[in-house]
Amino acid sequence: MSEEEIIWEVKRDSINKLVQSGKRIDGRAFDEQRPITITNNFIENAEGSTLVKIGNTAVLAGIKMDVMEPFPDTPEEGVLMTNAELVPMADPTYYAGPPTEDSIEFARVVDRGVRESKMIDVSKLCISPGEKVWAVMIDMHVLDYDGNLFDAGSLAAVNALWNARIPRYEEDKIVRGEWEDYLPLNDKPISNTFVKIAGKNLLDPLIDEERVMDARITMAVTEKDALCAAQKSGTGFYTKQDLDEMLDLSIAKSKQTRKLIKRE
Amino acid sequence: MGSNKKVDLIIDGKRTDGRSPEELRPIKIEVGVLHRADGSCLLDWGDNKVLAGVYGPRECFPKHEQDPLKARLRYRYNMAPFSVSDRKRPGPDRRSVEISKVSREALEKVLFLEYFPRTSIDIFVEVLQAGAGTRCAALTAASVALADAGIPMKSLVVACAAGKVNDTIVLDLNQMEDNYGQADLPLGIVMTTGEIALMQMDGNFSREEFNQAYELAMKGAREIYEKQKQALKQKYAAGELNE
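These protein sequence lines are chains A and B, in that order.
For this note's numbering, count along the first sequence from 1 and bump the result up by 2.
For this note's numbering, count along the second sequence from 1 and bump the result up by 4.
It should be emphasised that the hints constitute simulated quantities derived from the structure, not laboratory data.
Every residue, glycine too, gets a C-beta built ideally from N, C-alpha and C.
It is possible that some hints are incorrect.
What the hints assert, rightly or not - Pulled a few chain B residues facing chain A out of the computed Cβ check, cut under 10 Å: (1) 95; (2) 99; (3) 189; (4) 194.
Unchecked claim - Calculated Cβ distances over 10 Å to all of chain B for the following chain A residues: (5) 45; (6) 71; (7) 75; (8) 87; (9) 141; (10) 146; (11) 170; (12) 176; (13) 203; (14) 230; (15) 237.
Take the sequences, apply the hints, and build the full model.
If you want it as C-alpha cells, here you go:
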C-alpha cells in the first residue's frame with residue numbers, strides 16, 4: 003500500500019466515527035453547504051464565463067459559441083457540448099493526458115443537468131435550417147479540487163450561460179469580439195451532490211469525504227422542482243429511503259442556491 | 005432525452021410496440037455461449053442483443069494494477085459498429101466510458117473481490133444490436149456471465165429502466181420512447197436486498213413521477229430476476245458437461 007492510501011485508511015476511520023456521532027470534519031451539518039462565491043464575466047474572450055468557489059473547490063466555466071451544421075435528427079436546433087478539464091494543478095493526483103473516466107463522467111452529468119432542464123431554447127439558435135446553427139460549448143476548467151466538482155461545475159456552467167451573449171454574425175461570418183443578445187434561456191437547474199458515509203447522506207462533500215465515501219449521488223432540480231438529471235457513482239448502495247431523503251433536500255436546497263444565479 | 009418534436013407514443017393505452025405501460029419487452033437469456041471465456045451470456049431484450057463474456061479470476065496484468073487485497077474488477081461496455089443505424093466508429097466513446105464506469109461500480113461490492121487478491125476479473129459486454137436500454141441489458145447479462153463463471157457473489161444484479169412518455173410512466177422504454185420520450189430512469193438492483201447499485205436519470209420527473217418510475221422499474225427487475233435464475237438453472241438441468 004502506498005503512503006497515500008495508508009493515510010486514507012486512518013482518515014476513513016476517523017471520518018466514519020465522526021459521522022456516526024453526527025459530525026463532519028469541518029463542523030458542518032449533514033445538510034449544510036460550504037460558502038459559495040461567484041464571479042461572473044471573469045474572462046473577456048469568452049461568450050460567457052463564471053468562476054465558482056464552493057469552499058476551496060474552484061471551477062471556472064467558459065462558454066464559447068460557434069456556427070456549425072446541426073445534427074441530422076434535429077435540423078432546426080442549436081447544439082450543446084460540455085467538456086471538462088481536470089487541470090493538473092488542481093490536485094496532486096491529476097495528470098495531463100486524455101480524459102479520465104472521472105472527467106468524462108463529470109462533464110456528462112453537468113451536461114445532462116443543463117440539457118434535460120431545457121434551460122437553453124435551442125430552437126432559437128437556428129440560423130439556417132439544416133445548414134447552420136449555433137453551437138454552445140461549455141468548458142469547465144477545474145482549478146482547485148476540494149470535493150464536489152459536480153455542484154461547482156454545474157453552478158459555474160449555469161451562471162456562465164446566464165451571462166453569455168451570442169457573438170455578432172454578419173455576412174455568414176462570426177465577428178469575434180462583438181456580441182449581441184443574451185442566450186435564450188428559461189430555467190436555472192441546480193445540482194446537489196451527496197456522499198454516503200456510515201449510512202448517512204452528507205451534502206456538498208469535501209475531498210476527504212469523497213475519498214472515503216461509500217457512494218455518491220448528484221441530483222439536478224429545475225425551477226419547477228422537477229428532477230432533470232441524477233447520477234449515482236461509487237461502489238456502495240442506496241435504499242429508496244436514501245433517495246427520498248436526498249430528493250426532498252435537493253428540492254429545498256435548490257431554491258436557495260438558485261438565488262445565486264444572476265445576470266450581471 | 006426527447007427532442008422538442010411532439011410524437012404520439014401512446015394511443016388508446018397502447019405503446020408504439022403494442023405494449024401496455026407496465027409491460028416489459030420480450031427477454032431471452034442464454035448462458036455459457038462462449039467456449040474460451042470463463043463465463044458468458046447472450047441476452048436478447050426487445051431489439052437489443054448483447055453478449056457478455058467474463059474472464060477471471062485470473063492473473064492481473066499490467067502488474068502495477070494488481071491490488072494485494074482484492075481482485076481488480078474491469079468492465080468494458082462497447083457497441084459494435086453495426087449495432088446502430090448510423091455506423092458507430094469502433095472504440096470507446098465518452099458515453100461508453102461513462103457506462104463502463106457506473107456499471108463496474110455497480111458490481112464491485114456485489115462480488116467477493118477480497119477472495120481473489122492480485123487477480124483481475126474482466127467483464128466484456130458487446131452490444132451487437134442496440135434498441136434502447138443497452139446499458140440495462142448489458143449489466144443484466146454481465147451478472148449472468150459472472151454467475152456462469154462461478155464467481156462468488158452476494159446476489160445477481162438486474163438493471164431495468166422506467167420512463168415517462170406522453171406524461172405516462174412506462175416500464176422499459178423502446179427506441180422511439182427513448183428518442184421522443186420525456187424521462188428515462190435506468191436502475192441497477194442488488195436483487196437479494198433491493199438496494200440500488202446503479203442509478204442514472206435524465207429528462208423531467210416530478211417528485212411523484214419519480215416514485216412511480218422507481219416502483220415500476222423495481223417491478224420489472226423482479227420479473228427479469230426470475231428469467232436470470234431460470235436461464236442459469238437450465239444450464240445445469242440439461243446435465244451436459246462443459247468441455
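Results for each hint:
1. Taking 10 Å as the C-beta contact cut-off toward chain A, the hint placing residue 95 of chain B at the interface is violated, the least distance being around 12 Å.
2. With its C-beta approaching chain A no nearer than about 7 Å, residue 99 of chain B sits inside the 10 Å limit, and its interface hint holds.
3. For residue 189 of chain B, the interface hint holds, since its Cβ comes within 10 Å of a Cβ in chain A; the closest pair sits about 8 Å apart.
4. Taking 10 Å as the C-beta cut-off, the interface hint given for residue 194 of chain B holds, the closest approach to chain A being about 6 Å.
5. The claim that residue 45 of chain A is not at the interface with chain B holds, since no C-beta of that chain comes within 10 Å of its own (minimum 25 Å).
6. Look at residue 71 of chain A: its CB is around 15 Å from the nearest CB on chain B, clear of 10 Å, so calling it non-interface holds up.
7. Under the 10 Å C-beta cut-off, the non-interface status given to residue 75 of chain A relative to chain B is violated; the minimum distance is some 7 Å.
8. Distance check on residue 87 of chain A: its Cβ is at least 14 Å (rounded) from any Cβ of chain B, clearing the 10 Å threshold; non-interface status holds.
9. Taking the minimum C-beta to C-beta distance to chain B, about 14 Å, the non-interface status of residue 141 of chain A holds against the 10 Å cut.
10. Against the 10 Å criterion, residue 146 of chain A stays outside the reach of chain B, whose nearest CB is about 24 Å from its own CB.
11. Every beta carbon of chain B lies more than 10 Å from that of residue 170 of chain A, the smallest distance being close to 27 Å; the non-interface claim holds.
12. Non-interface status of residue 176 of chain A relative to chain B is upheld: no Cβ of that chain comes within 10 Å, the nearest being about 25 Å off.
13. With a closest Cβ-Cβ approach of about 13 Å to chain B, residue 203 of chain A is found to remain outside the 10 Å limit, as its non-interface label requires.
14. A cut-off of 10 Å between C-beta atoms contradicts the statement that residue 230 of chain A is not in contact with chain B; the least separation is 6 Å.
15. Separation of residue 237 of chain A from chain B is inadequate, the least Cβ-Cβ distance of about 4 Å not exceeding the 10 Å criterion.
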